[in-house]
Amino acid sequence: MFINQSPDTIQKLAILTKSARYDVSCASSGVQRKTETGKLGYTLPGGICHSWSSDGRCISLLKTLQTNCCTNNCAYCINRCKNNVERTVVKPEELAKITYQFYRRNYIEGLFLSSGILGNSNRTMELMLDTIKILRTHYQFNGYIHAKILPGAEDNAIEEAILWADRVSINIELPTTPSLQLLAPQKNFKQIILTMKKINAIRERLLSQRRKQGYYSMSGQSTQIIIGATPETDWQILKLTEYLYKSIQLKRVYYSAYVPLNQEPYLPMISKPPLLREHRLYQADWLLRFYGFSLNELLSEINPKLDEHFDPKVSWAMRNLDYFPVEICTANLYQLLRVPGIGPTSARRILHSRKSDIMDLETLKKLGVVIKRARYFITIKGRYYGEVKLDEPYMLSAKLSELDKKKVAEERDLFSYELQSA
Amino acid sequence: MNFNPPDKVFVPDTELSLFPQKVNKDRVVEEIQKAPAPIQKILYYFFLAEHPDKYELSAHLLTQFSQNKETSIEKINDPVIYQILKMARSVQRQIHKLEGLIRFREIGGDYLYAAFASEFNVVIPLALHFAHRFPQERFILHDTTHKKVR
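As you go down the protein sequences, you meet chains A and B in turn. Sequence positions in the first sequence follow my numbering and run 1 to 422. Sequence positions in the second sequence follow my numbering and run 1 to 150.
These aren't lab readings, by the way, just hints derived from the structure by calculation. Fair warning: there could be bad hints in the mix.
[Stated by the list, open to error] Taking lysine-lysine pairs in the DSS-like style, the calculated list, with each CA pair at most 30 Å apart, reads:
1) 305/A - 239/A
2) 22/B - 372/A
3) 25/B - 365/A
4) 34/B - 251/A
5) 97/A - 97/B
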């Protein structure tokens, strides 16, 4: 194995950030922390994007690994021990310094720190925690830190990570035990779920004590699931997601379209990552979290796949036409949220505005409603504005698909980026 | 039916004729100082857009607000208020974008320097943001459009 031991931190970072880009869970949102005297930085609940990658993802944090050396041999991973890639380890002092330097020049909102496993999980976690502690104490860094918990980490390492970071996460990677056994034999599905529960328990204990000064991972924990490397259906993936949100109170589940990097007989033969599928899963995820949908309404065991042509909300609407039209002047929040083209913000604005204003399409447009979609599903004071009627589902479907053709083409375009050589 | 919004929101004469064409600027400023915080916030961002009729439009908003005993400014069916809200939002969006995209570089004398070009006059809110973020740093923000430095 070739280990780059050059003293040049930038060179090491170039290797490590390249190795870290397949992890997509790196938002800087969810924590509000004000300026403190003598400290550097603060965080905003909405986060700030500092750049955008070629496929449109927001870049907010310095996303890097402590090391890309790894003892694991996960089939989907660029850093698996079998691969012959350039390896390096960055020292905690070096990484802390460079994060500080990037932050004060406003390149980043904070640090996302993950790692391959060097020796064993605990030793690697120690290096990561050193980096974070140097940043927090030596540089008085008060910006955002996301720390990855490595599978098999001991309780005190988890505790330290929770204490010093704004968000912690452990990646579940694949949605079922057999898939994980096949592609990542060193990882254990049950163990990962148990660690997630443990993180919650430790965090609650720390919060109830509140003795030491700390950050307590106020932004909670998240995870990542790889999409398309194994044959699980959207239904299975979202079923797991629903469980993670409801039973383990995860703040976010990230979906990462499988990028074909390695050659193995049991890996799918695809040339591009399934980014449109990833996008549809995020849309469904949003429906579960912010729109009051339950998974059974979107998918079932018999119908386990999200429609690629329509977004999941339009799909649901087409299957449940008897629910419509929704009367804008009398509907409650829950009913408004079911209308394609109305989101949580515009729904709340409607509830407020309809008390005093005259409702018409123009007003709805000003409130942020996507009229070209919503008009087929609403009435305003009994008047229907769609060009085709709701009792003509075939015509309606044609109309909406015409409307969506452009959007799907755009989405496809956005998601068909050239695979850069790894 | 086509519902493209007009490029420029037309302000009917009848609406404006409620006020003298040129309002007393000091009076408007006084009224703004008395207004509730959310209104002040909107008008603050709106003023940064430097609309030529900012005082007249603000006076209209303040009068509408007090006359209607509204609790929220989301009185969207008034074209003037809609225009003010829209511009305030654009300014806020630009501030947020610049907060992410501005890059500092080190110059002599231990100073950090960043130049940017902005449509609106947003150097003060940006300076506040960075002053909070980097309390220990000495930095210069240079707005090349408005030729302003903070």
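Given the proposed pairing of residue 97/A with residue 97/B, does the C-alpha separation stay at or below 30 Å?
26 Å, holds
Agreement of residue 25/B and residue 365/A with the hint, judged by alpha carbon distance not exceeding 30 Å:
34 Å, violated
Does the structure keep residue 22/B and residue 372/A at a Cα separation of 30 Å or less?
The given pair, whose Cα atoms are some 41 Å apart, is violated under the 30 Å limit.
Hint consistency between residue 305/A and residue 239/A [alpha-carbon to alpha-carbon, up to 30 Å]:
This hinted pair holds, its Cα atoms lying about 12 Å apart.
Given the hint that residue 34/B pairs with residue 251/A, does the C-alpha gap stay at or below 30 Å?
Violated, because 41 Å separates the two Cα atoms, which is more than 30 Å.
In summary, the structure is inconsistent with hints 2, 3 and 4 from the numbered list given earlier, while agreeing with the others.
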